[in-house]
Structure formats: structure tokens, C-alpha cells
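Peer 1: For reference, the chains in residue letters:
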Amino acid sequence: MHLIETRNLCYIYPGEVKALHNINFIAPRNARIAVIGSNGAGKSTLFKHFNGIFKPTSGSVLVRGEPITKQNTKEIRKFVGIVFQNPDDQIFAPTVEQDVAFGPVNLGLDPETIHHRVHEALRVVGIEHLANRVPHHLSGGEKKRVAIAGVIAMEPEVLVLDEPNAGLDPRGVADLNTFINSLSKKYGMTVIFSTHDVGLVPEIADYIYVMDKGRIVASGTVDEIFIQPDMLKSVRLDVPVIPKLLKSLQENGVDVSMAYTYADAEAALLRSFGK
Amino acid sequence: MIESLFQIERDANRDSVIHRIDARVKIAIAFAAIIALVAVPYSTMIYTVGAIFFAFFCILWCFTGLSPLVFVKRALAIIPLWGVIIFFQIFLKNKYYTTYDVVLSLPFGINIYAQSIEFAFILLVKFAVCISFIILLSSTTKMQDMLEGGARMGLPAEFALALGMMIRYLFVFGYMFRKMNETLKTKCFDAFDRHLSYRYRLRQLGYMIGTMFIRSYEQGERVYTSMLCRGYGRESFLFVERKSLKGPEWAFLSFSLLFIIVVPVAVWFGQYRFF
Chain U
1 MHLIETRNLC YIYPGEVKAL HNINFIAPRN ARIAVIGSNG AGKSTLFKHF NGIFKPTSGS
61 VLVRGEPITK QNTKEIRKFV GIVFQNPDDQ IFAPTVEQDV AFGPVNLGLD PETIHHRVHE
121 ALRVVGIEHL ANRVPHHLSG GEKKRVAIAG VIAMEPEVLV LDEPNAGLDP RGVADLNTFI
181 NSLSKKYGMT VIFSTHDVGL VPEIADYIYV MDKGRIVASG TVDEIFIQPD MLKSVRLDVP
241 VIPKLLKSLQ ENGVDVSMAY TYADAEAALL RSFGK
Chain V
276 MIESLFQIER DANRDSVIHR IDARVKIAIA FAAIIALVAV PYSTMIYTVG AIFFAFFCIL
336 WCFTGLSPLV FVKRALAIIP LWGVIIFFQI FLKNKYYTTY DVVLSLPFGI NIYAQSIEFA
396 FILLVKFAVC ISFIILLSST TKMQDMLEGG ARMGLPAEFA LALGMMIRYL FVFGYMFRKM
456 NETLKTKCFD AFDRHLSYRY RLRQLGYMIG TMFIRSYEQG ERVYTSMLCR GYGRESFLFV
516 ERKSLKGPEW AFLSFSLLFI IVVPVAVWFG QYRFF
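Same order as they appear, the protein sequences are chains U and V.
Each residue of the first sequence is one higher than the last, beginning at 1 in this note's numbering.
Each residue of the second sequence is one higher than the last, beginning at 276 in this note's numbering.
Since the hints were made in silico from the structure, they are not lab data.
Keep in mind that a hint or two might mislead.
Unchecked claim - Facing chain U, a subset of chain V residues (Cβ under 7 Å, in silico):
#1 F331
#2 L422
#3 G425
#4 C504
#5 G506
To be verified - In silico SDA-like cross-links for lysine to any residue, where the CA-CA straight-line distance does not exceed 20 Å:
#6 K55/U - L503/V
#7 K247/U - R271/U
#8 K48/U - R469/V
Owing to the predicted nature of the structure, the values given are computational and were not obtained by experimental measurement.
Glycine included, C-beta positions come from ideal geometry on N, C-alpha and C.
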């Protein structure tokens, strides 16, 4: 049984704007899944189906094998946490602590448990010292962490992040990558994220879905997707710089094995130079 | 206007003995002072009570570390609101006097009465001292602390959540308005530039206000979606942790309340008059 599964999911926005066409998506336990695609590909629309915010026009969405109904919506939203692209859409309480507490309060927890969950979530994302701060005094990266903490405090098993690196500085991106990896490795969570920054994907994803104009045009492991430069170009994406460089070196007679992450590429190049 | 909002926030974020006092104490004192002043009968004894209360306010203000100019500027900013109401009293008869002496007769049968002038002064004293306490409260208490204080004092959960969101998005839109202003400036637009036609300037300002309205509407939709994702429902409320008042806060509150009650009563029974 998969944690999330969509079967022939179609969605049409009011005004007959077709957003999703026959989407078949699977999210197993403890997976790191990237959904890549250019702007307007339908990534965010797809994510909003995972916890019942949007209802399919046709097809179905199964969470732990069960369809989303009015009766289990609360349980589903506790199970699948979504972090939106713009933290200002998600942080609506006057202080960080109150905002992170919003989800646990809605789960009907007692004050002691709420307090514990809030401080644990803030600790996990490394911003416990910001508990009493007001959101508009925080930097973009800090706001992003508050938004993630607000969802983590509900202890979801699946964390969905919509463009998690949008607007972050390089250090912020690196910290977030480490954090996303730790969610899967340390806490056994399934992480699904969208991005059009393909360079980031090999560092934090095991499996990739490529979307274009509301369709899934390809899916597979990092190796399987990034050996298809023509397909990626056809959907306004590109192969990340590292495999692109290694491929070019291979074509020019350098004996170097293919790699996708910085660490693997470094090791491959050092081997190639006999170091 | 928007900059005043940020200035109030900067003042409230400063540190002083008064700033550190729990919001509940300051709310209770401000409201007690207002109730006491409103309860004082419409007679000249209000001058004495008002003077003593204002002296009390001045002592408290000295401990805030804020410049008296801050108070003067804020009090003057409110004048258009209450000054007009008070000014028009001099032309009107009211239920507190039986006989009226005309001081000045104006055309169209309009008269200025001695008793009405006295009534206007009484109103002025009441307004000025009440507003002074409100300014003291708002200048030394962060908005989020005021909300938490209110919630701890029994403000209904629905109000607290709505007010909390209002405080949060007041600043989000404050920043948005500031950015839009900066954009207009970078494009050399000045609403007071007489070289540009009046209609053009009005139209551009109209576009700006319209854009703000549309963006706030869209923001509202996105926020509501993110609230649903975190289990928002009819029972949702803003999480405010329990907090007891400290000994010195109790002492200060007790002394202040006693003072606020004793002063008008003593003036009433003792017929003490400074003026």
C-alpha cells in the first residue's frame, strides 16, 4: 500500500482551464520524490490534491489506500503536510510560537502537548530562539523554516514542499537540503517537493516525476531522467551542470564515470586523475 | 501613515520598566483610568481629577524612556477626530445645564454659550486624559502582547484569532505598500508632481489601490487554503500559554487601581479643587 497514489487524476479549473491530465503518481514510504517542471506545469495543483484541498474532476486520490472523504479530511491533513511556496501565505499568527501551535491546536491536543510539539518542531528546524519573534521581523529563510515547523508540529508522515528553495540564499538552500535529507533518513518521512532548479534534484531526491502542461511526461530515478537531455529540453528544463560536464568530458575522451551529486562527481574526477 | 505604523511598533519594541510590565496590567490600568474618567460627573471637578490622572500618566511616561514629543505627536494626530467633536459643543445646548448665557451671537441664529464652553472643556479634559492612557498602552505594548493579554483576560477565541491575523497581515500589507511606493518612485512617479496631469496622477493612485485590493483578496484565498491544510475548523483558536503575573506586577496593578478609584472618590466627597 502506497502512502499517496493518484489514478488517472484530472483537474479542470473554473473557466475550463485544464490543469491536470491523467496523472498517475505514487509516493511510497520513506521516499524523496522530486516533481520537476517549468512554471505552469501543474505541480502546485497536483500537490493540492494530496490533502483534499482540491477535489479531482475525474480520477482518484488515495491516501494510505483510502479515498479522501469529508469524514477523513482532518486525518488526511494531519498525515500529509503541505508547505507552500510563499511563507507569508502560511504564517498568519502574530508570533512564531502561536503560528507553529496552530496545527496542533486544531488537532485538539492539550496545552502541554501543544507546547512540547511547538518547541520540538522549532528545535528540529533550528529556530527555537525565534519562538517569541513576530514573523515580519524574520528573513526569508527564517520564515520558510517557521512555515515548515508549523507543518512538522502536526507530525505528518508525508511532507510536501512547493518550491522549497524559492527566494533562499545559497546558504539557505544548502541548509534546507540537509534538513530535507534528514527528514527522510532520521525521521523516516516521505518528502515530496517541486522545483524547476534541476541542479538541486540529485542532492535530495531518489525518484523524479517530470511534468509539462498538466501531464507527467517522464518518471524514474535520477540516472534514468537525466540521461534524457532532449526530453528535458522539450519541457523547458535542462540537465544539471555536473552530469552535463561529465558527459562532455566523456565525449572528449576523458575516462570518467557519470555522477549527479557534487560528492560523487568529485570522487569520479579524482579517480579519473588517479588521485 | 504606514511609516507611523512601523514607528509605533519600534517604540513598543523598546525596553523599559513600563515596557516589561505584563500587557494585562497595562490594559487593566488604561481601561480603569478611562472608566473612572467617564464615570466622573460632568462638573468642574473633572479638572482636578484630570490633572491628577495626567500627572500619574506623566510619571509613568517618564519611566518609558520615550520622548515627550512621541506623545505630543500621537495626541495631535488624533485631534482631527475628537477636536472637531469638542469644538462644535460650544454652539450646542446639552442636558447638563438648565440655563445658558450667550457669550457671542453669530449670524444665522448661532450662539456660543458660556455653559457650552465649560462643557467642551470638560469633554476636552476627559478625551485628552483617556487618549493619553491609550497612547501609553500602545506605545509600550507590542501588538502581539496586547492580543495575548486580551486573550488571557477572556477575549473570545474567535476575536483573538481574527485580531491575530489582522495584526499579522497589517504588517504584510504595510511592507507591500512600501514596496509599491518604492516601485513608483523608481519610475519617477510623484503623486504631488504638478507637471503631471491631475487625472493621470489620480488614475495611477487608483491603480495602486486597486492592485492592493486584488492582492489582498488573493492573499486571503491563499491564507485560507494554508489554514485548511493545517486543520482549520470551527473550533480553531489562537494558542496562548498560561502565564501568571509576578509579585511586583500585582503590586503595581493594585496600587494603580487603588489610585484610580480613590482620586475621583476623594475629589467628589472632599470637594478638593485645584481649579
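Peer 1: Evaluate each hint against the coordinates.
Peer 2: Comparing the hints with the structure gives:
Among the interface hints, the one on F331/V is violated; its C-beta lies about 30 Å from the nearest C-beta in chain U, farther than the 7 Å criterion. Given hint, L422/V at the interface with chain U, holds; its Cβ is 6 Å from that chain's nearest Cβ, closer than 7 Å. The beta carbon of G425/V is not positioned within 7 Å of any beta carbon in chain U (closest approach about 12 Å), and the interface hint is therefore violated. For C504/V, the interface hint holds, the least distance from its beta-carbon to any beta-carbon of chain U being 5 Å, beneath 7 Å.
Residue-level restraint check for G506/V holds (minimum Cβ-Cβ distance to chain U is 3 Å; threshold 7 Å). For the hint linking K55/U to L503/V, the alpha-carbon distance of about 14 Å falls within 20 Å, and the restraint holds. Proposed proximity of K247/U and R271/U is supported: the alpha carbons are some 16 Å apart, at most 20 Å. At most 20 Å may separate the alpha-carbon atoms for a hinted pair to count; K48/U and R469/V exceed this at roughly 50 Å.
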